[in-house]
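Participant: Each chain is listed here by its residues.
Number of protein chains: 2
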Amino acid sequence: MTDQTEFRPEARAPRGFQDRRAGDIRAERAILEAVARVYESYGFEPLDTSAFEYADALGKFLPDADRPNEGVFALQDDDEQWMALRYDLTAPLARFAAQNWESLPKPFRRYATGTVWRNEKPGPGRYREFIQCDADTVGSARPEADAEIIAMAAEGLEAAGLPRGTATVKINNRKLLNGLLAAAGVSDPGQKLGVLRAVDKLDRLGPDGVRLLLGPGRKDESGAFTKGAGLNAKAAEAVLAFTAAGSGDRASTLDNIAKVIGGSEEGDAGLEELGRIAQALKGLGVGEDQALFDPSIVRGLEYYTGPVFEAELLLETTDEKGERIRFGSIGGGGRYDDLVARFTGQPVPATGFSFGVSRLAAALRAAGREAGQARRGPVVVLVFSQDDMAQYFAVAGELRAAGIPAEVYLGSSGMKAQMKYADRRNAPAAVMLGGDEIAAGTVTVKDLDLGRALSTQLDDNAAWKAERPGQATIPRAELVGFVRRILEAGE
Amino acid sequence: MTDQTEFRPEARAPRGFQDRRAGDIRAERAILEAVARVYESYGFEPLDTSAFEYADALGKFLPDADRPNEGVFALQDDDEQWMALRYDLTAPLARFAAQNWESLPKPFRRYATGTVWRNEKPGPGRYREFIQCDADTVGSARPEADAEIIAMAAEGLEAAGLPRGTATVKINNRKLLNGLLAAAGVSDPGQKLGVLRAVDKLDRLGPDGVRLLLGPGRKDESGAFTKGAGLNAKAAEAVLAFTAAGSGDRASTLDNIAKVIGGSEEGDAGLEELGRIAQALKGLGVGEDQALFDPSIVRGLEYYTGPVFEAELLLETTDEKGERIRFGSIGGGGRYDDLVARFTGQPVPATGFSFGVSRLAAALRAAGREAGQARRGPVVVLVFSQDDMAQYFAVAGELRAAGIPAEVYLGSSGMKAQMKYADRRNAPAAVMLGGDEIAAGTVTVKDLDLGRALSTQLDDNAAWKAERPGQATIPRAELVGFVRRILEAGE
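From first to last, the protein sequence lines are chains S and V.
Take the first sequence: its letter number 72 is residue 72 in the numbering used here, and every next letter is one higher.
Take the second sequence: its letter number 405 is residue 405 in the numbering used here, and every next letter is one higher.
So here's chain S without its partners, still in its complex pose (with noise of 0.2 Å):
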C-alpha cells in the first residue's frame, strides 16, 4: 500500500506538451487578433466546438474498431462510446454543419481559433497540442469561394505581420492532375496515388528522382528501393512538364497549363475553376506577389477534391546553428466536397484555410517582425515597512489609474532582493517610499530601463542619458510624470 502523504509526484509537464510563457501567448494572440479582424471584415463569424468529437466523427476511424487511438487520444465514455479530442478544425466543423444545416445561412463562413491535439511520437520541436486558426465557406461550390478564402489568407498573413512579398499563397487543383492522368489512360487510383507521392517529392529530389518514382521506381543513397507509380515515359515526361508549367503570373501558368494538361472532363474542369479563381482574385485585389498558381503543389493526400492552397514564407532564414533554411509551408487548405457527405449523404461543398498559430509566429520570428514580445513589467513599488503598506498600495493605485501597470512587492525578502525582483520583471522603475519620503511628502524613482539601456551599451541616445538620472527624489504629485517619462524614452 502506498502512503499517500509520503508521495511526491515528479512535477513535470506530460511528454510533448508545454508551458507557454508571457512572450510567445502575446505574440500568439497579437497574430490572432488580427487575422480575426480580417476574417470578420470578410462576413465570417466566430464558432467555437468542443474538444472531443465522437471517434467516428473524426472520419479516420472505422466505428467497430476496439481501441481507435491511432494518432489521436480517445478514450471511452461511461456510456462506452469512443470520444477523441480532435485533430484538425475541419472534422467537426463537417460534424456541426452536418448537425444544424437545416438551420443554417447557407453559405455558412465562419472562423475558429482553437487548440487540436495529435497522438504522435513527440521530439525536439514536435509538441502534441497547438493552436489553429481556421476560416471555411461551407455550401458553395463557387471557385470564387475558393478564391475568396485565398484572398483572406493573403491579407491575413499580412495583418499578421509579413509584410507584401515575404509571403505567398501557391495553388493547385487536384482536377488538373487527375485530368492529366486520365487523359494518359490511368485509372488505377494506387497508381494515382503513387503520382500525388512522386510529385510531393519535388523539392527534396528534383525532377530526375521524380522521374524515377513516377516510372519504374528508384534507389537511394542508402541502396533502398522505393517502387514507382509505373507510368510509361511519355505520361512520367506529361506529369513533369505539368509540374513545371509555373510562371511568374497566373495568366502566363494557366497558359502553360492550358498546354500540357491533355483533353479530359476532368482536366478542362479544373482549369476551367481555376481560371474563375483568378478572375475573381483580381476582383479581390490580390497581387500576383500574393497568391500564384503552382502546379507542383499536392498539399497532402487527405481529403481535397479540387483547389489547394499552401502559404509559403518567401524569406530565407537561419536555423538555430546559424545555416540558411528554407521556412517553407506556414499553412494551408483546399476545397473539400466530401466531408459534410459522411454525415449526411447529401453532398455539401465546402473549402477552407488553416494556419498553425505557433508556427506562424515562428515564421514571424524569423522574418524579424515578431509582434508583442518585448513588452515592459510592471512598475514595482518597494516595501520598507509593514506599517506603510496602505501607502505603498496607493501609489501603485495611482499608477495603474494612470494606465502604468504596477504591482506592489509582496514577498518577504530585504531591499536588494527586491532590486533584483523588480530587474527580472522587466520593471521599468521601482518606487521607494521609505519613512523620510512619507514624513516629506516625496518619493524616489529608481530608472531600471536607464540601468538596462546602460549594460547594453546602447549609445545612441547619450545625450539624454548625460543628463537623465539614474534616481531622483520628487515630490509625490509628480510621480506619474516622472515615470511616463521614463516610458517614453524607452519606446
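Just so you know, these hints were derived from the structure itself, not from any lab.
Treat each hint with caution, since some may be false.
Said to hold, decoys possible - One-sided excerpt, in silico: chain S residues whose CB lies under 8 Å from chain V: (1) ARG12; (2) MET83; (3) TYR87; (4) LEU284; (5) GLY287.
Virtual Cβ for every residue (Gly too), placed ideally from N, Cα, C.
Here the structure of chain S is known, so what remains is to put chain V in place on it, guided by the hints.
Facilitator: For chain V alone, kept in the frame of chain S given last:
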C-alpha cells in the same frame, strides 16, 4: 464486416459538450479582454499550460490507481503513464511553479485563461467542458497578497460589465472556524468536516436546520436522517454566532468576530490576517460595497488553508419561467499553501481567484449587461451574373477598406433567397449591382436595418424613418458614405 462506404455516423456533439456560436464567443471575449487588462495592470503575466497533466500531478489520485478516471478524463499514454485533462487551472499552476521554482521571479504572479474538463454526468445546462480565468500569486504568505487578489477580482468584475453594487466579493478565513472549534475543544478532523458541511447549508436550511446538523443530526421533510457533527449545544451556538457575525462594514465585522471567536492560536492568526487584509483593501481603494467579510462563507471543502473568497451577483434575476432567483456565486478562490509542497516538500504559500467565463457571461446577461452580442452582420453584395463577379468583389473590397465588413453572396440561389440570406446574416444593407447600375456607374442599396426597425416598431426616430429611403440608387462613388449613414443611424 462493416462496409465503410455505407457507414454514416450521426452528426452530434458528444454528451455534455456544446458548440458555441458568435454571440456567446464575442460576449466571452469581451469579458476576457477586459479582465486581462485589469490583471496585467496589476503586474500579472499570462501563462498557458497544456490540457494534459500526468494524473499523479492532479493530486486527486493515488499513483497506483488502475484507471484514475473518476471526475476527470484520463487515458494512458503509450509509455503506460496515465495522463488526464486538467479539471481546473490551479493544479497545473502548482505543477508549473514546482517545476520552475528556481528560475521564476518570486513572488510569481500569473493569470491564465483556459478550457477545463470535468468527467461528470451531463445534464441540462451542465457541461463537461468550460473556460476558466484565474489569477494567482505564488510565493507570498502576506495577507496583502490575498487583499490584492480580492481587489483584482472586484475590479475585474466591474471591468467585465457589472457596475458597482451589483456584485461583491465575500471573504472568510478557514482559520477562524478552526480556531473557534479548537477553543471549544473540538479537534477530530471528521467532526470539523461535519461542521464545515453544516455551515455550508446555512443558505438552504437557515440557522435552525444548521443547529441540528451541528449537533445530533437532522431529519428532513422526507423523513431521511442526516447525522450531525455532534457538537455540544454551547459549541454549536458558538459556531452559529460566528457565522452570524457579518455586518455592514469590514471593521465592525472584525469586531464582531473577535467577540465570538474565543481564544486560540489559530483563531487569533485568522483574525490578524483578516485585519491586515482590511487595511490593504483600504489602501487598494476597494469599497465596502465591493468586498466584505462574511463568516458564513465556506467555499467548498477543498485545499484552502486560510482566507477564502466568493464573488456573488447581488442582483435578483429571473429564471426561464420568469421566477425570481438568487444568481449566487460567480467565482471564488482563496489561499492554498500546500499545493506546491505536494511536489517539492518545500512549503510555498499561494493565493488566487478563479471564475468561469460562461457563468460570468450568464451573470451579465441576467444583469442586462451583456456585451458583444448584438453585432451587425456584414453588408451583403448580391449576385446577378457570373460575368460581373469581379465588380461585386470590388464593391465588397471598397467597403472593407473603409472598415465595413462586407461579403459577396456565394451561394447559387436567386434574388429572393439572397435577400433572405442577407437578412439572416443580420446585414445592415444589401448592395445590388445589376447590368443597368453597372452601365450607369451607380449602385442600389437596400436598407435592411430600416426594415428590421419598422418590423420591431421602434418608433423613437420617426422623423429619420420618414425621410429614410428603404432603397436608393446612388452613384457608385457615394456607396461607402451611404452605407456608413445606415450603420450610424442604427447605433
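Participant: Could you tell me which of the numbered hints above are not met by this structure, giving the numbers in increasing order?
Facilitator: Hints 3 and 5 are the ones this structure does not satisfy, whereas the remaining hints hold.
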